[in-house]
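Numbers 6 to 791, taken from my numbering, label the letters of the sequence shown in order.
To be clear, the hints were calculated from the coordinates, so they are not data collected in a lab.
Do not take every clue at face value.
Below, simulated BS3-like cross-link-like pairs (lysine-lysine); rule was C-alpha separation at most 27 Å, straight line [as the list claims (entries may be wrong)]: (1) K115 - K96; (2) K476 - K433; (3) K625 - K612; (4) K599 - K612; (5) K579 - K599; (6) K265 - K313; (7) K63 - K77; (8) K681 - K611; (9) K745 - K707; (10) K745 - K703; (11) K245 - K193; (12) K630 - K605; (13) K745 - K775; (14) K138 - K176; (15) K131 - K77; (16) K27 - K96; (17) K313 - K245; (18) K96 - K131.
Being a predicted model, the structure only gives us computed values, none of them experimental.
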Amino acid sequence: MKKTVLLLGLLLIAFTMQAQTKLVFEETVPEAYLMRYAPPANSGSQANLNSILELLEKAGVSARTGGRPSRKPEFTLRLEHQARITDLGDKLQLQVQLKKVSVNGDVHHKGFDLGEVLVPEELKFKVKLLNGKNELVREFTNQRVLLRGSNSSMLEVSIPDTAAAQNYKLKIEEKQVQYTAADVNRVKERLGLIRDYYAADATVQRVMEQATRVLPDDLDRITLHDRSLQELEKHYAQLKGQLAEKLNLEQNDPQRLNHKLKQLHQVLQDRRRAINYTLATLDQQFFNRGVSLANNGNYTAAQAYFMKSIEANPMFAPAHVQLARLDLVNGYTREATHRLRDVLTRMRIDPETEAIAMGLAHDVYVAHISSGNSLTMRGAYHEALEAYEEARELCSTIGGLRCNMTALNDGEARAATGAYRAIVDNGKRLLSRNELAEAERTAEEALNFQHDYDYVLNGDQEATELLSQVKFQYYLQHIDQGKRYLSQNNHRAALDQFEAALELERQYTFMPVQELGQLARKAAKPVLLARLSQGYEEAMQNRLASARTIASDAVAMQERFALQSDTEVQRKYKLLRERIFTQECINTQAIYDKHFQNAKELVQEKKFIAADHAYQAAIKAADEKAECGIATFTAKDGRETIAPAANYQRKLEDVDRLVNRSRYAEAIQLYNEAEKHYLTYQVGKFGLNHTSLFNYAKSSRKQAFTAAAVDYYTGLGEEQVAIQLLASLLDNGYRKGKTKKVQEQLGRQLAMKDAGALAAIYAGNRDLRKMRKAFEKERKRIERNG
């Protein structure tokens, strides 16, 4: 029952709406436009149409009629427009719809219909609304509709209907189709696509032929075939992507290019699957060919194919094992070792390959032991140690390998002992010939070797004794050379030699020469005295860093050579320390004077903040060297004197910072404080002029701050100042919309103060229109309530 009532209600509403809507006029008009060449036309739609027709003619699109010679191409644009007027009661709804836009005539080229791209860009027209007497009621000029795309509405508008029972009708006039440069490019592009279509047909045949020459079974040139196939695949992708969608080949394909492309795609896919399979199993295929060659005794060729297998897959273990076998057979034991170690420790291998590799590794191990024993017998100890080391590393890295460690340890011990003895004996020979540098190098070599083979050579002292003997000879040479320098009064050189001897004496345990300490002290004193004199001169030249370094070095020398009690040394050291202190005070006074003088100059330039900093720098310099007793009252007095001016300038700098940070209310408050400070402390006597807040805000580059000042003066009730500042702000291009509220506030305040004369002064300023209206409105309200 409820559904029935609801349905009846909906039907009643629909009937009521239909009763209120009446179709007044409806007309469908078909139209046709012949598009043909019409010179001359240098610009506009006809020029673009001429360019299109010339493109068609150049491409070979022409018309023949009744045996007459070919003429320039031409075509017909057909369309319909449907006009409708609907009476909605109190208004008319006007609608004009565009329908059935099509092109026919000379529009086919090499099997393709060009009609789609020959449709012009737009249609210009005028719509007239006429009454029953053909009198113009309303006119809609300069109307445009795009002939491309989905929008087909030429006009859709509602207008009031004040007359009744008028036989309205719509008339479409002054219709003009418009061709644009984009239309020319569209035709040019379509003709180019058609050329590309026929070129692509030839390319497909060529690519098909090239695809048959891709051979997946040609292992030695498989990468070349893969690259060739990649190029063919790129050609296919370009051909398919260029034309299939743009020319809609699914609907029209005169050369069956789509079918040929599908055939080509199938061929390329077959070749790609075969090539990919070959590439995926390339390591196995190269390996199989290598095994076949090795079984036939061609080991050189087999090795080449095993290498190719590894190049294809560096982790293919069977190929590595076969290469290791060939290395061992050819005497390259070390190479076989490294390859097997990689196979058994880094690669995933099947059980069969692992068993083969383990057996081969044992053969390699035995070969290393045999080689080490043979080399030891020939006295080639280092080569033997390398062979034993290879065998030991093979055992330590390959788990499960059966190794005879007793034979390995015994062989390595014999080789290490022989090598160590040979090194020490060579060092002794060099020492006996007094070739100390080579003997020292050989002794250190023996010690390093002993450290490397400590488990064999632990506790042997021959290398240590050899090095000590070499150092003792150096020790004696330093002392003898130092004595010669001392006899020549070359105390610096003598001291260097004695210090070198003392350092050797400290490092080694040989019997020291008793007179060395006395000799060093004798050479050190003149050097130390000269050094102290140099330090004094450095201090006199105000090079205090160098003088302090020399003083510190002098203390160390006194302790090292027991010269702390020497009166001459102490006297010179004291003079150096006193001179350093004196020069430091002179420097501090100079720094104080420099800052003080700078402050005075800055005061003359009215840069009081900088002058205050300069005074502070002078005081700080003196305080850091308080023991010098420098008088600072001049700087303190000067700072105190300029304090009012410096504080005033600081306040103004703070105002500028607040303005730059858009903190305008704080800036205005601080500016007023600065003005009060200026007046209270008579800052004008320092030669500084104070600018009023009005002038400061007026000259500000930040218009938002000027606007804030307008608000400030308005709030104070200083309307004239506020208006002057506001007028200046608007003259400089500030947006009137931002000043609406303050203008209205000023207008109300002027009205309440009965300041009509002031309001009249600015009445002619159009920028202050809001203020004038607010003034007039408020005056009327006051008079009405008065």
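K265 paired with K313 [C-alpha distance capped at 27 Å]:
The hint is violated at about 38 Å.
When you check the alpha-carbon spacing of K63 and K77, does it fall within 27 Å?
holds (10 Å)
Restraint check for K96 with K131, where alpha carbons must lie at most 27 Å apart:
holds (21 Å)
Given the proposed pairing of K599 with K612, does the C-alpha separation stay at or below 27 Å?
Holds. K599 to K612 sits at ~17 Å (cutoff 27 Å).
Check the hint pairing K313 with K245 against an upper bound of 27 Å on the C-alpha distance.
violated (37 Å)
Would you mind confirming whether the straight-line C-alpha gap from K138 to K176 stays at or under 27 Å?
holds (13 Å)
Hint check: K745 vs K775, CA-CA at most 27 Å. Holds or violated?
Answer holds: K745 to K775 is near 6 Å, not above 27 Å.
Check whether the Cα positions of K745 and K707 lie no farther apart than 27 Å.
Within the cut-off at roughly 19 Å; holds.
For K476 and K433, compute the direct alpha-carbon distance and say whether it is at most 27 Å.
holds (13 Å)
Take the C-alpha atoms of K630 and K605, compute the straight-line distance between them, and say whether it is at most 27 Å.
holds (23 Å)
K245 and K193 were given as a pair; does the straight-line alpha-carbon distance stay at or below 27 Å?
With a Cα-Cα distance of about 21 Å, the restraint between K245 and K193 holds, given a limit of 27 Å.
Is the Cα-Cα distance between K681 and K611 27 Å or less?
holds (20 Å)
Of the numbered hints stated above, those contradicted by the structure are hints 1, 5, 6, 15 and 17, listed in ascending order.
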